[in-house]
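There are 2 protein chains.
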Amino acid sequence: MRVGLTHSLHRLIQQKPDEVACIFEDRSISWGQLGDRVSRLAGALQQVGVRQGDRVGILALNSDRYLECMLAVWWAGACLNPVNIRWSASEIVYSLDDCETQILVVGDNVLQSAETLHEIRKKSSSLKTVVQIGGTALDSGVLSYEDIITAAQPVEDARREGGELAGVFYTGGTTGFPKGVMLSHDNLLSNALGYLLDLPYGEDEVILAAAPIFHQAGMCIVLRALVRGCCCVVIETFDPTAIMQAVERCKATFTLLVPTMVQRLVDHPDITSHDMRSLQKVLYGASPISAGLLERAFVALPNVEFFQGYGMTETGGPYTVLPPYFHTQEGRRAGRLRSAGKAAWGMEIMVVDVDSQPVATGVLGEVVARGPGIMQGYWGRPQETAAVLRDGWMYSGDVGYLDERGYLYIVDRTKDMIVSGGENVYSTEVENVVSKHPAVESCAVIGIPSEKWGEAVHAVIVCKAGQTLDERELREFCKESIAGYKCPASVEFRDALPMSGAAKVLKHVLRESYWKGRERRIG
Amino acid sequence: MRVGLTHSLHRLIQQKPDEVACIFEDRSISWGQLGDRVSRLAGALQQVGVRQGDRVGILALNSDRYLECMLAVWWAGACLNPVNIRWSASEIVYSLDDCETQILVVGDNVLQSAETLHEIRKKSSSLKTVVQIGGTALDSGVLSYEDIITAAQPVEDARREGGELAGVFYTGGTTGFPKGVMLSHDNLLSNALGYLLDLPYGEDEVILAAAPIFHQAGMCIVLRALVRGCCCVVIETFDPTAIMQAVERCKATFTLLVPTMVQRLVDHPDITSHDMRSLQKVLYGASPISAGLLERAFVALPNVEFFQGYGMTETGGPYTVLPPYFHTQEGRRAGRLRSAGKAAWGMEIMVVDVDSQPVATGVLGEVVARGPGIMQGYWGRPQETAAVLRDGWMYSGDVGYLDERGYLYIVDRTKDMIVSGGENVYSTEVENVVSKHPAVESCAVIGIPSEKWGEAVHAVIVCKAGQTLDERELREFCKESIAGYKCPASVEFRDALPMSGAAKVLKHVLRESYWKGRERRIG
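Protein chains in written order, with our numbering: chain P, 550 to 1072; chain S, 550 to 1072.
With the rest of the complex left out, here is chain P (with noise of 0.2 Å):
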């Protein structure tokens, strides 16, 4: 499209000049001076070497600054690299160095110490300039954010737009080394729009950010309340305390939560002694939701309308949705609130098997979409690249099945689906029944090498404090549930299972010492 994602701003700057476009902690900005500090800001980028395309990195707990410096990256044509807060030093390195990006904006609170950026400034090949949001300069050279702001002069903007490259996000998943998904405005934009079809945000809709916004999913809520020029209220990290606060006192009517915080924040001691009634819309991912915790929600939340959403960094966004009527009473005995949801608008969904073919409805196979918010490409890596976008299509490595309008259900990646002896086993599955055994805690399910059966189903597990558990038990136990050759031909016990930043388990760390100089054929 001839549109790109500073036009809503404009939009907004003639509209709404006094209404408030973002609020952090005690400040507050209304869209008229978030458009003079974004052309301010952006005239500084460009002064301090800045050119058409250039990546910006940006290293920063979420704020109203975050908001207002992808803004500025767009409007000096440049393209945003939103570099995750929770990688070490060298992970960070990486993701400058691999897209060549020169300049990066750090924010308050994000580095541990001084050292860190000292370390990030010595091994980066890439990274010429720092400009620092905030506090005391954390190393000599190191730009003051405001002080760039206060001397620029304010610039057109580049309009950049259509296929243009808007931002480089890089994504490990749970394995291999980070992998920069280069997204384009139509990408974001396509996404905003499609969404907010099933998922529509007022006028007067106020928008809590407290999803990490250097994540994908976290980046399209306030994207979404840009295109609708809704207020966003931003807290610095997802906490529930700091939730209900923010609801509280800004009235929020809309956020997105990942299950673990929708449980963190229903049961909290404190949610009753809070005022959460404007909250009227909670949008979550990652996995489906309990029913049991849906349940405990409802009760603690009665004014709001769940959405759930399913999507990756590769899709640009969030692709399908489970409306709220699937969530309520009613709703819930058509069967599918298990289902990620129906792809939105803009997004076509397909399950194939082995040879790309579609399989028939209710059939396993691999998820594969396409659509405008499909990403163009890995950052440099045609290979990975020709590997998952085949044909217009995104390889998305899950596996599922679609029912007969078109709801999505996941079963499992295809990577952690287990071959043995010709049979496919979905490690959920088996997961799904070992954690329902009462000494179990945690476990995690995966195949390993097999002479007789190519490969085997292995569980891992940790047990609950003081229990144990017997081998030939468990296997009797889960043979109560599922197939025989389902059930853990192994097992192996452990204190803890590997887990990523984002709470799922490494399973590709657990696979590590079985699988070491083996190739083990996947998808």
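There's no promise every hint is true.
Claimed, not checked - Label pairs and their computed distance ranges (CB to CB): (1) D952/P - D753/S: 45 to 53 Å; (2) A840/P - R798/S: 36 to 44 Å; (3) G929/S - R600/P: 38 to 46 Å; (4) R882/P - P749/S: 21 to 29 Å.
Because the hints were derived from the structure by calculation, they are not lab data.
Given the structure is predicted, the values throughout are model-derived calculations rather than measurements.
Even glycine gets a Cβ: it sits at the ideal position worked out from N, Cα and C.
Based on the hints, put chain S in the right spot on chain P.
Just chain S now, kept in the frame of chain P:
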């Protein structure tokens, strides 16, 4: 965007195969059936010679077949030429030949006689094939729509998208020969997506397509319904009784009306005997609604929220919206009911002086707009295109101003503005005063050549039956309300004003005799 107008149909075939897509008279068709017919009609079109990008004309009253045929043209990879049914045979031939339309689909009850079709076929140099919907063949060699669908095999969607041409819409406005406005898939989709933010359709909305679909505004209604997956109730012609019956029978929730149709509907004696309670939203456009009519509409349609829109074919559809609030008792105090609304998402509005420089808030000038909805140009007319598309802005030819919140007020057409003695006189302002005189039934004010003033204000007046009016008396009457230089310097009485099919006064016809042989500088 990497998406086209057929995308929505793919989604709906997957998600709502059995749900009703369209109702016309006693027929209804599901999304699954529509998908089947569209893919076969597309095959049939390709068989009779339609290639990628070719124009296919449709000359038909509104029906479910219109919707189906539009989609089939796009599915086949072709481009639509929706022909104005009010045109004469030679105007139709002009619009077919100008963009080399080889195939024309002709609907039921649209041509006055078989001779008309025969004449079109004889005169047109481009037309090769005629496909006729329903009835007995009007002419020899005419193909039957149903026969070719039945005989054809379904084909794969050509999946045209983005900047590729979706339609050539011939529009004459009130002057000159029709020009073919080229609109791409992006133009039409961005308009639909942007407008749905301010005028959201629920998934269960029932859309009444009452305005002619061959007009761009009428087509936008259908395209928004398609994007959102809403059922469309289609009526053949724009008629108050048909509207009332369709609302009652099909529980329509939304429709588009022009103010005269609002008037004919709400003042209709039968309105109280029809159950209109399902109707929740009405979009009206083309001209502002009078306060008196609105009051009557509130009484007649108490459940309805009114939205006003403004746009032109060249902008891909309506691009401003005046939300319901400003129509309410409370909102009307804000005084924006005379406004055409503010820019919808995707579009930016500016008001400029004769040097194309933006003017201040409240100052009159020419309204210009830019955004992804703006046409690709006029078919085969680079000069006319360059005259209205300048530096990315579309020059509307409308005179207006913006208020401090970006609400647009349309005052006149630039070409109807009179420049007299260096002063700008807006014809509509003078007409408003003249029409208040008790003897005046209708009037039009134009500029005529004047040696002294450049142009002089001239009024053409139709008096009420049995009444007369003295020229001097009229001038005195006008002077009570407006400055002397704005008052008509000369007056002419007629029995009727020349009107266009869209009920607009043809001022260029009135001006013609005065300006013959002279050049009138406008804009």
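| task | Can you let me know if the beta-carbon spacing of R882/P and P749/S is within 21 to 29 Å? | result | holds (27 Å)
| Does the Cβ-Cβ separation between G929/S and R600/P fall within 38 to 46 Å? | holds (39 Å)
| Honestly, do A840/P and R798/S meet the 36 to 44 Å range at C-beta? | The hint (36 to 44 Å, Cβ to Cβ) holds, given that A840/P and R798/S are roughly 41 Å apart.
| Cβ distance range 45 to 53 Å for D952/P and D753/S, holds or violated | violated (20 Å)
Consistency with the previously given hints fails for number 1 only.
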